[in-house]
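J.: With the hints as your guide, set chain B onto chain Y.
Which chain is which? The protein sequence lines are Y and B, in order.
Its first residue numbered 1, the first sequence is counted upward by one per residue in my numbering.
Its first residue numbered 1001, the second sequence is counted upward by one per residue in my numbering.
Since the hints were made in silico from the structure, they are not lab data.
It cannot be assumed that every hint is accurate.
Said to hold, decoys possible - Interface residues of chain B toward chain Y, partial, derived using beta-carbon atoms under 7 Å:
1) Leu1036
2) Phe1062
3) Gly1064
Claimed, not checked - Sample of chain Y residues with no beta-carbon within 10 Å of chain B, all distances over it, derived:
4) Tyr11
5) Glu12
6) Thr43
7) Leu59
8) Gly161
9) Gly163
10) Pro182
11) Pro242
Glycine included, C-beta positions come from ideal geometry on N, C-alpha and C.
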Amino acid sequence: MTDTVLKLGKYEFKSRLFVGTGKYQTLELMKEALEASGAEVITVAVRRANIGCKPGESLLDYIDKDKYTILPNTAGCYSADEAVRTAFLAREMGISDLIKLEVLGDKNTLLPDPVGTLEATETLVKEGFTVLVYTSDDPIIAKRLEDAGATSVMPAGAPIGSGQGILNPNNIRIILETLSVPVIVDAGVGTASDVTAAMELGCVGVLLNTGIAGAKDPVQMARAMKLACESGRLAYLSGRIPKKLYANASSPLKDF
Amino acid sequence: MQITVNGNNREFSTETSLSELLKSIDIDERYVAVELNRKIVPRSQFSEKLLMENDILEIVTFVGGG
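Same shape as in the complex, but just chain Y (with noise of 0.2 Å):
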């Protein structure tokens, strides 16, 4: 079976992994761990520039910007006004006008403010920005993402780094019936069969940062991570059996 490319607003992937660059130990293992996930996006944040850091120091300079596309988040933004003003610093950077935004509404669960997290949507929308908007499972609020335009609506699976996996498939599955954009599981995966749950709800794809770059090994999870997203995908497409009370023997029953 052939898979569609996967398109989010004029861009287009065949990847359907999408891997964040912090908390690696260093930018080499790092950019060993993007390679093996095989992702095509990838995320980095916006923060103040190091005053004194040497070229060589920089995430850019282990980053080929042929090969991936650049998705800059606005974490650590607990307002619209800041997440809107990070966006355009990012858009300024001259590479693309992706945004993956969160508005934030408290430090300890980093769940999303929904409403700031609408407000920006629709500021950034009416700007021009590509939106892929961070939020939780709901699924009312995920539904009013989608209708003040965001390109994708990325549901957390459970809270940011806590790699508890999905912790409501019920709501993913009804954020997948009643939108039509892209929905992306974003967030909370801890392992690989994480990753294949998501993609054999039916999400177009999965975010994932500290179950890689928090795993002993990185690079060997991050290509866990690739064969999870392509084998969920693949079991999406094909259309599992459905799951029922009694036995259905897989061999003939005849007599001899």
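T.: Only chain B this time, still in chain Y's reference frame:
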């Protein structure tokens, strides 16, 4: 003249352009975006933009993140 760069006050000579300032603090201008007094300065204007006493600069770049 005094200019605030990423929250720290620094002394620069008058008639310094944004390009010259970035160079003097070892910033590769290809890797940054700059706000001057909360307004973005397009990279194409870095060399002509002259800084004034008490200007506030925010210089940002991409770092690892998820």
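J.: None of the hints should be skipped; say for each whether it holds.
T.: Results of checking the hints against the structure:
1. Leu1036: Cβ of B/Leu1036 sits 12 Å from chain Y, so the hint is violated.
2. Phe1062: For B/Phe1062, the interface hint holds, since the closest Cβ of chain Y sits about 4 Å away, which is under 7 Å.
3. Gly1064: holds (4 Å)
4. Tyr11: Holds, because the least Cβ-Cβ distance between Y/Tyr11 and chain B comes to about 18 Å, which exceeds 10 Å.
5. Glu12: holds (23 Å)
6. Thr43: violated (6 Å)
7. Leu59: It is violated; Y/Leu59 is separated from chain B by about 6 Å at its closest Cβ, not greater than 10 Å.
8. Gly161: violated (8 Å)
9. Gly163: holds (12 Å)
10. Pro182: holds (19 Å)
11. Pro242: holds (36 Å)
When the structure is compared with the earlier hints, violations turn up for hints 1, 6, 7, 8 and for no others.
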